[in-house]
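Put chain F on the given structure of chain B with help from the hints.
Number of protein chains: 2
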Amino acid sequence: MSKVSLTKISEILGMSKSTVSKALNNYADVSPGTRKKVQDLANELNYKPNIFAQNLRSQESKIIGLLMPEIVHYFFSTIISGVAETAEKYGYSVIVAQTKDDYKNEIKQLELLLDKNVDGILLSLADDTIHFNHVKDVINQGVPFVLFDRTSKLIDCNKVVIDDVKAAQMATQHLIDIGCKKIAIIRNQLKSQGTIDRHKGFKKALLENGMVYDKSIDFEGRDFSFSAGKIAGNKICESHKDVDGIFALTDLMAIGALEALKEHNVAVPDQVSVIGFSNWFLTQITTPHLSTVDQPGFEIGKAAFNLLYQEIQNKKNNVKEASKTIVIPTTVISRDSTK
Amino acid sequence: MSKVSLTKISEILGMSKSTVSKALNNYADVSPGTRKKVQDLANELNYKPNIFAQNLRSQESKIIGLLMPEIVHYFFSTIISGVAETAEKYGYSVIVAQTKDDYKNEIKQLELLLDKNVDGILLSLADDTIHFNHVKDVINQGVPFVLFDRTSKLIDCNKVVIDDVKAAQMATQHLIDIGCKKIAIIRNQLKSQGTIDRHKGFKKALLENGMVYDKSIDFEGRDFSFSAGKIAGNKICESHKDVDGIFALTDLMAIGALEALKEHNVAVPDQVSVIGFSNWFLTQITTPHLSTVDQPGFEIGKAAFNLLYQEIQNKKNNVKEASKTIVIPTTVISRDSTK
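Order-wise, the sequence lines are chains B and F. Heads up, the first sequence is in the numbering used here, so the first residue is 1 and it goes up one at a time. Heads up, the second sequence is in the numbering used here, so the first residue is 1 and it goes up one at a time.
It should be emphasised that the hints constitute simulated quantities derived from the structure, not laboratory data. One or more hints might be untrue.
As the list makes no split between identical chains, a pair holds if one copy fits it or if it spans any two.
Straight-line alpha carbon distances no greater than 27 Å define the calculated DSS-like cross-link-like pairs of lysine-lysine that follow [claimed, not checked]:
id, residue 1, residue 2
1, K108, K153
2, K116, K302
3, K89, K62
4, K62, K315
5, K339, K203
6, K191, K108
7, K48, K215
8, K36, K108
9, K89, K108
Quick caveat: nothing in here was measured; it's all calculated off a predicted structure.
With the rest of the complex left out, here is chain B (with noise of 0.2 Å):
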């Protein structure tokens, strides 16, 4: 069976496809006769009224465009089902893109999501975008536009963000109310803002409490993974045998960690202790389980999305508001990879 149009339901019981029309959207110079006998055709035939002919009467498409880094990623994946859970109460779907952390790509898939006329956009920045003209278009173009979570300074429009400064600083500041003296950082090149702050958090806490930042146990990632920790820990345990306390800038980094650590004969807690950041799911199995930051997605998403419809509504409305940002809390959740 394939769709029923309105010329079908007109042919079959013989009127104009203006009258049907009229039935089906219950106008009053419709007799309510013909009204019930269309409609219950419409019924029985499973008529669905042509969406784009809506969509091109309404310009709108009820369809918002989510695009991260990454799709196989934790973190990101609560987010988007923050977003959807959001939209869906408000009759939106969510078309789900990832950049693969690349710019060029980034560029790429804002085109794709324009050309299927969204009716806005929640992007989350590659890690390797520092140009931000394609997102300035797309923002200049009046396409309301919301960043999260990777965001750039340099982007005026609404933002929701964890303060990654001050994160970053509650879990060093945890490391060192435990005891520990001497604290490595285990992080990703200086160049997204979320690094950047997370950096500066570290520091800070160093400096807050008459510790010296040592730059000889600053270890700079290729990225933010496993691996990428796992080749940092084997640094620690070989040559600063001192560290006993170690903040990675993600939870698969210090899990990385944690497995070099482990390779290496060297007790955690005991003698290092390990915290994480984002509070991924698989913190809670691993051995030991890893102390965290715990970066809500789900909160990020649902509130990317409600300042998102914000802004659909005010376009319809022709209203203007400043820029503005939501800072989600985070909080540091202790488990046992920290004494």
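Relative to chain B, chain F alone:
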């Protein structure tokens, strides 16, 4: 800057809208000079054609729907990634939605996708879906439709699956090959085809090796979770000390069982070998690393989109094909949790 319309371009150039439209579409009855003038201005103003009008003409959205039990789920996230990457090559975008493993929600989410006029739908059934009229309705409406991973023999459509019987049989055989004599199974209720088939494969392996199926060490959990696995693991440690092998139908259950064994000081793999199912990323970072069955989500997603794309083409060309099922191969991955 708001969106540039065809009308705007025609006003600026003092041409009719139809001339502008023809010039943009390279019609030969518009002079090359005029065509260039129009196209240059369109480029300069960043003109985008009205996709809604194009969609109305083509009756295509170039968007497909992907509906799955869970978004925050490693295996399903690899499927999203496989679908999105493959779809993109054909210019399609992917709406992602979740049923939360709930039958009623599945019905609702399917309707939401149809409301968005997607060109096709990929569905993995909710765990408690045992009636299929909502799915059959979609198929009968002529919407291109592919079931993947969690399917049903009662639905006649294209499918992408793994051979769960064979995969479970191979996992159990691996335990037998390394010398396990008393093998427990940890599973969910026997409702979904996948669970039924994996259970069947487990029993088949025992039978073919002349081993007795023992109902007392066949553990049925509330769900597929870490905690369901841990509960079963605790029971094994407390009441079935002769068990020397555990086959868990999901990696999470297996990791829950590992945790229980660890808490009871049962050595893995020396006293008990454990194998999971799915090859989630986290199996590579547990202690010990978990043996498992690789269920390649990216490949499943890729194959599912390719099948759907073929259906979309067939629909355009009025071609009918018999339903087919593509079986994606699985492999046993032996790591440290099995001897």
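Quick rundown of the hints versus the structure:
When the C-alpha separation of K108 and K153 is checked against a cutoff of 27 Å, the pair qualifies only within one copy, where the shortest distance is 22 Å, while the shortest distance between copies is 40 Å. Taking the shortest Cα distances, K116 and K302 sit within 27 Å of each other both inside one copy (23 Å) and across copies (21 Å). Proximity of K89 and K62 under a CA criterion of 27 Å is satisfied in both settings, with 12 Å inside one chain copy and 24 Å between copies. With identical chains, the CA atoms of K62 and K315 are at most 27 Å apart both within one copy (14 Å) and between copies (25 Å).
In this homomeric assembly, K339 and K203 come within 27 Å of each other (Cα to Cα) only inside a single copy, at 21 Å, whereas the closest approach across copies is 46 Å. For a Cα distance limit of 27 Å, the shortest separation of K191 from K108 inside one copy, 21 Å, qualifies, whereas the shortest one across copies, 43 Å, does not. Proximity of K48 to K215 under the C-alpha cut-off of 27 Å is found in neither arrangement, the shortest distances being 65 Å within a copy and 51 Å between copies. For the identical chains of this complex, K36 and K108 are inter-copy neighbours only, at 25 Å across copies versus 49 Å inside a copy, given an alpha-carbon limit of 27 Å.
Taking identical chains as interchangeable, the C-alpha atoms of K89 and K108 lie at most 27 Å apart only when they sit on different chains, with a minimum of 12 Å there against 29 Å within one chain.
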